Amino acid sequence: MLETRNLDKRFGAVHVTRNVSLKLERGERRVILGPNGAGKTTLFNLLVGELTPSSGSVLLAGEDVTALPVAKRARRGLSRSYQKNTLFDGLTVEENLGLAAAIHTGAGTRLWGDSLASPEVREIVAEVAEQVRLMPYLHAKVSEVSYGVRRQLEVGVALATRPLVLLMDEPTSGVGPEMAKGFHELLNDLPRDLTLLIIEHDMDLAFDVADTITVLNYGEVVFDGLPEEARGSKLLKEIYLGSWEDA
Amino acid sequence: MFQHSALRYTALILLAVGAFAQAVTAGYFGLEVLTEILLLAMLVLALDMVAGFGGMVSLCHGALMGVGAYAYAILTTKAGLAPPVALGGSIAVTGAAAWVIGAIGARAHGIYFIMATLAFGQMAYSYVFEAPFFGGDDGMGGIPRIDLSLIGLDLNDSRSFALFCLALLGAAYGAAVLILRSGLGRSLTGVMHNEQRMRALGLTVWRVKADVFGLSGMIAGLAGALAAQHVMYISPGLLAWTVSGEALVVVILGGLGTLVGPMIGAAAFVILKHEVSNVTSHWHLVVGVLLIAVVMSRANGLFGWIEARWGARLERRLSDMTRKSDAEEITTDA
Numbered sequence: 001m002l003e004t005r006n007l008d009k010r011f012g013a014v015h016v017t018r019n020v021s022l023k024l025e026r027g028e029r030r031v032i033l034g035p036n037g038a039g040k041t042t043l044f045n046l047l048v049g050e051l052t053p054s055s056g057s058v059l060l061a062g063e064d065v066t067a068l069p070v071a072k073r074a075r076r077g078l079s080r081s082y083q084k085n086t087l088f089d090g091l092t093v094e095e096n097l098g099l100a101a102a103i104h105t106g107a108g109t110r111l112w113g114d115s116l117a118s119p120e121v122r123e124i125v126a127e128v129a130e131q132v133r134l135m136p137y138l139h140a141k142v143s144e145v146s147y148g149v150r151r152q153l154e155v156g157v158a159l160a161t162r163p164l165v166l167l168m169d170e171p172t173s174g175v176g177p178e179m180a181k182g183f184h185e186l187l188n189d190l191p192r193d194l195t196l197l198i199i200e201h202d203m204d205l206a207f208d209v210a211d212t213i214t215v216l217n218y219g220e221v222v223f224d225g226l227p228e229e230a231r232g233s234k235l236l237k238e239i240y241l242g243s244w245e246d247a
Numbered sequence: 001m002f003q004h005s006a007l008r009y010t011a012l013i014l015l016a017v018g019a020f021a022q023a024v025t026a027g028y029f030g031l032e033v034l035t036e037i038l039l040l041a042m043l044v045l046a047l048d049m050v051a052g053f054g055g056m057v058s059l060c061h062g063a064l065m066g067v068g069a070y071a072y073a074i075l076t077t078k079a080g081l082a083p084p085v086a087l088g089g090s091i092a093v094t095g096a097a098a099w100v101i102g103a104i105g106a107r108a109h110g111i112y113f114i115m116a117t118l119a120f121g122q123m124a125y126s127y128v129f130e131a132p133f134f135g136g137d138d139g140m141g142g143i144p145r146i147d148l149s150l151i152g153l154d155l156n157d158s159r160s161f162a163l164f165c166l167a168l169l170g171a172a173y174g175a176a177v178l179i180l181r182s183g184l185g186r187s188l189t190g191v192m193h194n195e196q197r198m199r200a201l202g203l204t205v206w207r208v209k210a211d212v213f214g215l216s217g218m219i220a221g222l223a224g225a226l227a228a229q230h231v232m233y234i235s236p237g238l239l240a241w242t243v244s245g246e247a248l249v250v251v252i253l254g255g256l257g258t259l260v261g262p263m264i265g266a267a268a269f270v271i272l273k274h275e276v277s278n279v280t281s282h283w284h285l286v287v288g289v290l291l292i293a294v295v296m297s298r299a300n301g302l303f304g305w306i307e308a309r310w311g312a313r314l315e316r317r318l319s320d321m322t323r324k325s326d327a328e329e330i331t332t333d334a
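Here the protein sequences line up with chains A and B, keeping their order. FYI, the numbering for the first sequence is 1 to 247, going by our numbering. FYI, the numbering for the second sequence is 1 to 334, going by our numbering.
Note that these hints are calculated values from the structure, not bench results. Some hints could be false.
With a Cα cut of at most 25 Å, we get these calculated SDA-like pairs of lysine to any residue [as the list claims (entries may be wrong)]:
id, chain 1, residue 1, chain 2, residue 2
1, A, LYS72, B, ALA6
2, A, LYS84, B, ILE292
3, A, LYS141, B, ALA6
4, A, LYS141, B, ALA103
5, A, LYS72, B, MET192
6, A, LYS72, B, GLY55
7, A, LYS181, B, MET192
8, A, LYS72, B, ARG107
9, A, LYS141, B, VAL100
10, A, LYS72, B, ARG207
11, A, LYS141, B, HIS4
12, A, LYS72, B, GLU195
13, A, LYS141, B, SER319
14, A, LYS72, B, GLN196
15, A, LYS72, B, HIS4
16, A, LYS72, A, LYS141
17, A, LYS141, B, ARG107
18, A, LYS72, B, ALA308
Example chain A residues on the side facing chain B (calculated, C-beta under 7 Å, incomplete) [to be verified]:
id, residue
19, GLY12
20, ALA67
21, ARG75
22, GLY90
Please read these numbers as outputs of a predicted model, since none were measured by experiment. Beta carbons: idealized from backbone N, C-alpha and C, even for Gly.
Construct the entire structure; sequences and hints are all you get.
This is the structure in structure tokens:
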């Protein structure tokens, strides 16, 4: 469903992404691990088109999308949530979801008719609000809801475009253990045919949700395999998991 | 997101009734002032659409109004088209020009967008000022008004013309509301709140900005074509950046992003200008002080101040009245 071939990115002398080749099957849930500065978010930015690779290519559903801009990739089914909430703060939760759903249905560029009142958009909004447990907050303004609810909305907005592949950049970033537990359930309840690629620091969530794990270090893939293999990997213990095992 | 509140409906009704009463009862001077208000209101309505709901603060809307005026003048006096056709043509020409400006400027933000629109406006002004085809700095005269004698209206009469402008301002307001409530308008508001996210969700941002800027330009073009008919003479001064600057002042004075507010601002601005200039020629100073007071008060213009003071109270009173009437209905049914 999503593939990278020898993806490489340099910022001047700094080599941030080194020859990364990944292949995600339809419905696969992959977690990307790595220490700070490993190039995880840069990889996401390359995948969605916010950054142009120095070399290499990105394929979505078998088609090369490397030259496509962000919006076109999104319309082909590549959606992302951000590590730092990137929402429409002055609007309600419902309007946030509605704007995303309207872009997906095409109602967002129509001159006639209120996109947010369109039955198709309302249906998606209701379904996504249910999926990300936002039903009680639909009419609240984003600025009025808690941080945890905003994290749920961050994922909800990305989901409302009905993506084929959803990239999530640290969905549980900054939330407490209880809320993080809720996120595990939320992610596990997402449709099985949705391909997920998640950057995550929460090891419990990573091993709970992931079908496969990729570990990046200095922009390079140093591990690619099953969660149980990751647990036993000596290399991972050295570069990343040591602190987790000790804890 | 654009929405009407009880206070906004009330303000709209008061504005419409006040303008209609003035159009019916005023003498020649009063009608001229009213028409001036209506035309400025149309221009600031167009500007508020893009500045208040899209974050595109334009300093070329005066020039767009000028494009509409010149297009109407040329289509009637040089191309010999019937005024109603020329009116449609001038709206289309201005819309197309605005779309191009919107498309080019869409990638710029904040001060850079303002400067880009200023540059477009000044280019248009300089060209018209120097081109003999447009009459140069002498301008163009002999511009006819639309003939509505078929329906018994003589637009050469100031009262009829003011009523005609009022009707078209109502139509322009209706169009602006429809646009802002459409998918395109909603997406534009999304872009103003978070352009990066809208793009990441799959929206072609520049296209949405250009489309709404073009539609806003059509309303500015209509205002220009009416301004040309009003005075029956146009000069390059209509395209000068000061007209755009004045429109922006009026939008801020009235209440950015409210649609009703800028129209109130237009009325306040024109009345203030005429009243103060009776006393002193330095009326700009008074407007300047008022603008500073409005900005420093942190209210969103005159209408923002009114909304903050009475909006919630009016909504509460209306909801109390609804509850009371529901309770009475239940009692009657019982």
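Tested hints:
1. Annotation: proposed proximity of LYS72 (chain A) to ALA6 (chain B) is violated, straight-line Cα distance about 41 Å (limit 25 Å).
2. A C-alpha spacing of about 36 Å is found between LYS84 (chain A) and ILE292 (chain B), which places the hinted pair above 25 Å, so the restraint is violated.
3. For the hint linking LYS141 (chain A) to ALA6 (chain B), the alpha-carbon distance of about 20 Å falls within 25 Å, and the restraint holds.
4. Using a Cα cut-off of 25 Å, the hinted pair LYS141 (chain A) and ALA103 (chain B) is violated, with the two alpha carbons roughly 31 Å apart.
5. Taking the CA atoms of LYS72 (chain A) and MET192 (chain B), the gap is about 20 Å. The hint holds against a cut of 25 Å.
6. For a cut-off of 25 Å, the pair hint linking LYS72 (chain A) to GLY55 (chain B) stands: about 24 Å separates their Cα positions.
7. Under the criterion of a C-alpha separation no larger than 25 Å, the hint pairing LYS181 (chain A) with MET192 (chain B) is inconsistent with the structure, at around 34 Å.
8. Restraint check for LYS72 (chain A) and ARG107 (chain B): satisfied, since their Cα atoms lie roughly 17 Å apart, inside the 25 Å limit.
9. Taken as a hint, the LYS141 (chain A) and VAL100 (chain B) pair is broken in the structure, with Cα atoms around 35 Å apart against an allowance of 25 Å.
10. Annotation: proposed proximity of LYS72 (chain A) to ARG207 (chain B) holds, straight-line Cα distance about 13 Å (limit 25 Å).
11. Taken as a hint, the LYS141 (chain A) and HIS4 (chain B) pair is honoured in the structure, with Cα atoms around 18 Å apart against an allowance of 25 Å.
12. Between the alpha carbons of LYS72 (chain A) and GLU195 (chain B) the distance comes to roughly 15 Å, so the proposed pair stays at or under 25 Å and holds.
13. Distance hint between LYS141 (chain A) and SER319 (chain B) is fulfilled; the C-alpha atoms sit about 21 Å from each other, no more than 25 Å.
14. For the hint linking LYS72 (chain A) to GLN196 (chain B), the alpha-carbon distance of about 14 Å falls within 25 Å, and the restraint holds.
15. Between LYS72 (chain A) and HIS4 (chain B) the alpha-carbon distance is near 34 Å, which puts this suggested pair outside the 25 Å criterion.
16. Of the supplied pair hints, the one linking LYS72 (chain A) and LYS141 (chain A) is violated, its CA atoms being roughly 29 Å apart against a limit of 25 Å.
17. Of the supplied pair hints, the one linking LYS141 (chain A) and ARG107 (chain B) is violated, its CA atoms being roughly 28 Å apart against a limit of 25 Å.
18. For a cut-off of 25 Å, the pair hint linking LYS72 (chain A) to ALA308 (chain B) is broken: about 42 Å separates their Cα positions.
19. For GLY12 (chain A), the interface hint is violated, since its Cβ never comes within 7 Å of a Cβ in chain B; the closest pair sits about 24 Å apart.
20. Contact between ALA67 (chain A) and chain B, as hinted, is not supported at the beta carbon level, the nearest pair being about 16 Å apart and thus beyond 7 Å.
21. For ARG75 (chain A), the suggested interface contact is upheld, since its CB lies about 4 Å from the closest CB of chain B, less than 7 Å.
22. About 6 Å separates the beta-carbon of GLY90 (chain A) from the nearest beta-carbon of chain B, less than 7 Å, and the hint is met.
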